[in-house]
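Chains as they are written, first to last, in this note's numbering: chain S, 1 to 285; chain X, 1 to 349.
Just so you know, the hints here were simulated from the structure itself, not pulled from any lab data. Keep in mind that a hint or two might mislead.
Which chain S residues stay away from chain X? Per the calculated CB distances, all over 12 Å, these [stated by the list, open to error]:
#1 Arg29
#2 Leu67
#3 Glu120
#4 Ala149
#5 Ala188
#6 Gln270
Calculated from the model, a selection of chain X residues having no Cβ within reach of chain S, i.e. all distances over 10 Å [claimed, not checked]:
#7 Val88
#8 Gln191
#9 Gln278
Using C-beta positions, here's what the derived DEER-type ranges look like [claimed, not checked]:
#10 S:His157 with X:Glu146: 48 to 54 Å
#11 X:Pro283 with S:Gln203: 25 to 31 Å
#12 X:Gln135 with S:Thr30: 35 to 41 Å
#13 X:Asp120 with S:Thr30: 56 to 62 Å
#14 S:Gln253 with X:Gly274: 41 to 47 Å
#15 S:Asp36 with X:Arg150: 19 to 25 Å
#16 X:Gln278 with S:Gly248: 39 to 45 Å
#17 X:Gly300 with S:Arg80: 56 to 62 Å
#18 X:Ser102 with S:Arg154: 45 to 51 Å
#19 S:Ser92 with X:Ala297: 51 to 57 Å
Beta carbons: idealized from backbone N, C-alpha and C, even for Gly.
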Amino acid sequence: MSTPPPLLQVERASVRYTLRGAGLLAPARTLDALSDVSIAIREGGRLGVVGESGSGKSTLARVVLGLVRAQAGRVAWEGRTVDYDDATAMRSLRREMQVVFQDPFGSLDPRMTAGQAVGEALQALAGPVASVAAQDRIRAALSEVGLAAAFANRYPHEMSGGQCQRVAIARAIVARPRLLVCDEAVSALDVSVQAQIVNLLHQLSERYQMSLLFISHNLAVVRHLCDEVAVLCQGRLVEQGSRAAIFGDPQAQYTRDLLAAVPEPDPALQRARIVAAHKALRASR
Amino acid sequence: MTAEPVLQVRNLGVNFSTSQGEVQAVSGVSFEVRAGECLAVVGESGSGKTQVLMACLGLLASNGAAGGSAQFAGQELIGANERALNRVRGTGIGLLSQDPLSSLTPHLRIETLLTEGLVDRGLATRAEAHERALQALAEVDIPQPEARLRQYPHELSGGMRQRVALAAALMCAPKLLFADEPTTALDVSVQARVLELLAGVRDRGVGVLIITHDLGVVAGLADRVAVMYAGRIVETATTDEMFFAPQHPYTAALLAAVPRLHGDDRSRLVGIPGDPPQPSARPPGCAFAPRCERAVAACGESRPELTQYTGRNQVGAAADESSIPIAVRGVPITAVACHRPLHSSAEYA
Numbered sequence: 001m002s003t004p005p006p007l008l009q010v011e012r013a014s015v016r017y018t019l020r021g022a023g024l025l026a027p028a029r030t031l032d033a034l035s036d037v038s039i040a041i042r043e044g045g046r047l048g049v050v051g052e053s054g055s056g057k058s059t060l061a062r063v064v065l066g067l068v069r070a071q072a073g074r075v076a077w078e079g080r081t082v083d084y085d086d087a088t089a090m091r092s093l094r095r096e097m098q099v100v101f102q103d104p105f106g107s108l109d110p111r112m113t114a115g116q117a118v119g120e121a122l123q124a125l126a127g128p129v130a131s132v133a134a135q136d137r138i139r140a141a142l143s144e145v146g147l148a149a150a151f152a153n154r155y156p157h158e159m160s161g162g163q164c165q166r167v168a169i170a171r172a173i174v175a176r177p178r179l180l181v182c183d184e185a186v187s188a189l190d191v192s193v194q195a196q197i198v199n200l201l202h203q204l205s206e207r208y209q210m211s212l213l214f215i216s217h218n219l220a221v222v223r224h225l226c227d228e229v230a231v232l233c234q235g236r237l238v239e240q241g242s243r244a245a246i247f248g249d250p251q252a253q254y255t256r257d258l259l260a261a262v263p264e265p266d267p268a269l270q271r272a273r274i275v276a277a278h279k280a281l282r283a284s285r
Numbered sequence: 001m002t003a004e005p006v007l008q009v010r011n012l013g014v015n016f017s018t019s020q021g022e023v024q025a026v027s028g029v030s031f032e033v034r035a036g037e038c039l040a041v042v043g044e045s046g047s048g049k050t051q052v053l054m055a056c057l058g059l060l061a062s063n064g065a066a067g068g069s070a071q072f073a074g075q076e077l078i079g080a081n082e083r084a085l086n087r088v089r090g091t092g093i094g095l096l097s098q099d100p101l102s103s104l105t106p107h108l109r110i111e112t113l114l115t116e117g118l119v120d121r122g123l124a125t126r127a128e129a130h131e132r133a134l135q136a137l138a139e140v141d142i143p144q145p146e147a148r149l150r151q152y153p154h155e156l157s158g159g160m161r162q163r164v165a166l167a168a169a170l171m172c173a174p175k176l177l178f179a180d181e182p183t184t185a186l187d188v189s190v191q192a193r194v195l196e197l198l199a200g201v202r203d204r205g206v207g208v209l210i211i212t213h214d215l216g217v218v219a220g221l222a223d224r225v226a227v228m229y230a231g232r233i234v235e236t237a238t239t240d241e242m243f244f245a246p247q248h249p250y251t252a253a254l255l256a257a258v259p260r261l262h263g264d265d266r267s268r269l270v271g272i273p274g275d276p277p278q279p280s281a282r283p284p285g286c287a288f289a290p291r292c293e294r295a296v297a298a299c300g301e302s303r304p305e306l307t308q309y310t311g312r313n314q315v316g317a318a319a320d321e322s323s324i325p326i327a328v329r330g331v332p333i334t335a336v337a338c339h340r341p342l343h344s345s346a347e348y349a
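Pulled out of the complex, with its shape left as it was, chain X reads as follows (with noise of 0.2 Å):
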């Protein structure tokens, strides 16, 4: 599998100016997307996972600056201007945000939000902008779609306002899909359907960055995963291998750390100690050495730098991750920032 990439991060930077000085939310960021493949970023808050697509989409905060690069389908977004950057939101990168009762502007009814995009662009007249609203809505099982078009986002369920943002957002037809913790205000049965409608989308060919804090989510929808930690990423692996041998101490441990419904029902869970850190106040070292069970000296002192491996072997310094093949002689590749990845340890031995 070795279809071209639609976006290409390299190196990515956010930096916010705030009354404490200059804080560095997101750092050394790189990863790309193909298409036709799902990307999950997963993190806790704060990891700054938001932060990366608001900086491709030009969306930051007025106090935040982007660095690095980002390029869609050949185009350099960072720094782009907010012309170049209107022609790529919606029409190249759809995105479909977290809470779908502030991304509906409730004044306008669905046919209204759906159709602005390709009308205002000129891209569509309103009667053909009118048939494919229909059919995007039919897409994602809206029932009776000529009434609900008449509809304001108010009138609809929680379940049906994300699928029609989620029509919304492919209305014209994006490369890539941003998803921005899709599920996490649904209900679990709601959820189901909203991943099954993402997974449709991948398989279409649209690449899709899903941004989740969700492990389940990860299982069921994502081919790769990135593990951010305090606003750089640690790991990255296929999902099998993240899940079956996480190489980041703070990977495992998250693992460890989510409750299941299946297996083991031992009472008690294994929590990370502390608390991550604020992003104005990160230690020097691997930023997650202060909870860390494997934590040495070094791991306080200096920073890890993402590094491959094929199997067990190290392969050498990832400069950018985009450059690692998915799997080589079929030997799937992970890269982790980390002085003591768990391979290294006794039990790989």
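Same shape as in the complex, but just chain S (with noise of 0.2 Å):
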């Protein structure tokens, strides 16, 4: 017996931006956002893309939903070539692969209460249900990214930040998705709120086998939620492998740079390394 395709691939992706010249009648440049990059998720499965800022993250987020065109390669659902023109078949996809983005407050319509905003996405994922149904089903989906069912009621400058990014995930996973795209999801939220928000979509991903694209500059977020972990640098997939693989033995001198570069909150843990720093710099003069 073979063994089922993964959920999400793609395939030698690459994606090449036209930019304007640098004056009116420069010639126009380009830049290569994504070159060659291939990920693959199984079902139910946590894989963090991780990389600084320009290393063709989040375009890869927007190439798996179909925001950006990839100008070669190709993304697969379970084994299927996606076709992004194809209307009827997107409409089916999106029901299973939803996006959570960084800034909440961008995200949800400010004259919408989040009941509203739930119910929308319901109303677009699921059609038309009954409204009785639909109340029950956004009151679970609330309580669910534990918002009490008073919440249904508040505007989005009612609520915190915190609050604000579980009315989104509530929006994403009313309709039961079998992907969640998180694009720097957690990265705007304060510490103590951020930790809830991980363990929310830790609890959702296990719970219900929701695999997670996990977009994320935050290597220790990536730590703690993923199983894999696909390291980008300038467009390119620099190295990709298992949670203990990267963090515990990462191959590629870009991964240990990025690792070591990452101030961690332990003084003892700093002054050694700054310590270490002075001597590779003495022994390299």
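Take each chain as given, in its own frame, and dock them per the hints.
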């Protein structure tokens, strides 16, 4: 028996942006945002994509969602190539694939209550649902992300950043997607709230076998949440492996440098690092 | 280490009048920064940490008002007039803000951005200022400084912009540097370089007050830490004490919530339940009580005052934090505002 294909596969995707030239008559320049990148996520798997700004990690998320077209390569869902131009196929794919962005205030309509925002997503994804059933599902989705029923009547400006981000997650999970794309979804949150949301994503992923494509510049968050990690640098895939391999025994020099640059919340460790850096400097002279 | 304090803040308060009435953003904040020392103010968004800096520089929004005292090298800043403040801004206290793109005026060349402070105040001629600017860029290791001076901010990368902003903040040789989330918008590799530069500034005898929510930044740079929650300081300690023996339950919870690259790779983080209170709706007792595991009835009723300790023994009420020496006979000191600080529990007895 052959193993089933991964839930999502990106094969050798390349994206090139055309930029305006520096002056009025200067020739247009191109930027390779993504070069020949391949990733795969199994059902229930949590893949973290890390890299610095400009590494192409958000472009990769956008390719998967169909918000940016790759000039080369393909995206496959359960082994079948996704045709982003096929409106009917895309409608059903959107039910299976949802997204949470970085800025919850920017992704929620300020004129809609939390309940309306979740309800709108439900209507759009699951088609017309009888209003009693819809109310139940909205309430269930809000409670799943830890928001009391009273929050259904609140507007974004009446909630904190963490609460808004929960509403954005409730909106994304209300139709039970099989893949949740998170583009810097916890980056704007305070540490105490960030920990809650990371735990929540972990829980939802375990409970529903929901896969995560978790884009983040925060390596420590990825270490706590994901089981696979892909490292991008300037649009190229530098290294991909299990959490233990990437954090415990990174192969690429770039990964090692990236990990070494993260300031750790431990004074003893930070001091040891400074001493090591000085030694290395002296040795190189 | 008993260098003289360059900044002494006493009982600082900041209020904003809004359509919902008077909102207390900061209250009863006292601390000091000594020459050659780095104090980190840690707290989550809305805890009032940036407003402390803005109050000191007289840069509060027009609906804001500051009370209490902030003395810079003996000069009172709170309530000072614009002329007096302008003599301090830049020349006495440098400011490095989070977003270098918005702190560097986009239509001015780097040369103008670096030199205008000196030239406009008559502190240097144009030629002298040019030389100083070249030197300042070299100090923050910007290659080809002569060429960079002719460029505009948008022509530089994010990390380079932040280093130019640091050079600009240091042009008038301030005694004190305010750094407000200086690394938040930067990539980790660039972050490390900016932190090294800040450590160098401190080692040259400048007092550094850094505001951050990144405990990794605190661990690498700060000598002392003040933890703010809901507009008040809830704990002050040396950096080692804060990390290894936190006393306030909020400090401890914050440390447990930070994801780490080393040690236990437990997949679950310990979040703090709930959200920080809105400044307009802070509870009457300890502001952290509704989220605190250790809270008892008293915590919701009366607000604990900042109290100092040597080791585990209470010394007395710390009317003002700056009267606490960094160490008494080698015993580190912590001040904490809590009815049930962690050292009072059985595991410390």
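Status of the hints after comparison with the structure:
1. Arg29: holds, 15 Å
2. Leu67: holds, 23 Å
3. Glu120: Since the minimum Cβ distance to chain X is about 25 Å, S:Glu120 lies beyond 12 Å and the statement holds.
4. Ala149: Fine: 17 Å to the nearest Cβ keeps S:Ala149 off the interface.
5. Ala188: The claim breaks: S:Ala188 does not keep its Cβ more than 12 Å from every Cβ of chain X (closest is about 9 Å).
6. Gln270: Contrary to the label, S:Gln270 does not stay out of reach of chain X, its closest Cβ about 4 Å off (not over 12 Å).
7. Val88: The claim holds: X:Val88 sits with its nearest Cβ about 31 Å from chain S, beyond 10 Å.
8. Gln191: violated, 7 Å
9. Gln278: violated, 8 Å
10. S:His157 with X:Glu146: 48 to 54 Å: For S:His157 and X:Glu146 the Cβ distance comes to about 49 Å; the hint holds.
11. X:Pro283 with S:Gln203: 25 to 31 Å: holds, 29 Å
12. X:Gln135 with S:Thr30: 35 to 41 Å: Since the Cβ atoms of X:Gln135 and S:Thr30 sit about 39 Å apart, the hinted range of 35 to 41 Å holds.
13. X:Asp120 with S:Thr30: 56 to 62 Å: Check failed, 43 Å falls outside 56 to 62 Å.
14. S:Gln253 with X:Gly274: 41 to 47 Å: Given about 43 Å between the Cβ atoms, the range holds.
15. S:Asp36 with X:Arg150: 19 to 25 Å: violated, 38 Å
16. X:Gln278 with S:Gly248: 39 to 45 Å: holds, 42 Å
17. X:Gly300 with S:Arg80: 56 to 62 Å: holds, 58 Å
18. X:Ser102 with S:Arg154: 45 to 51 Å: violated, 31 Å
19. S:Ser92 with X:Ala297: 51 to 57 Å: holds, 55 Å
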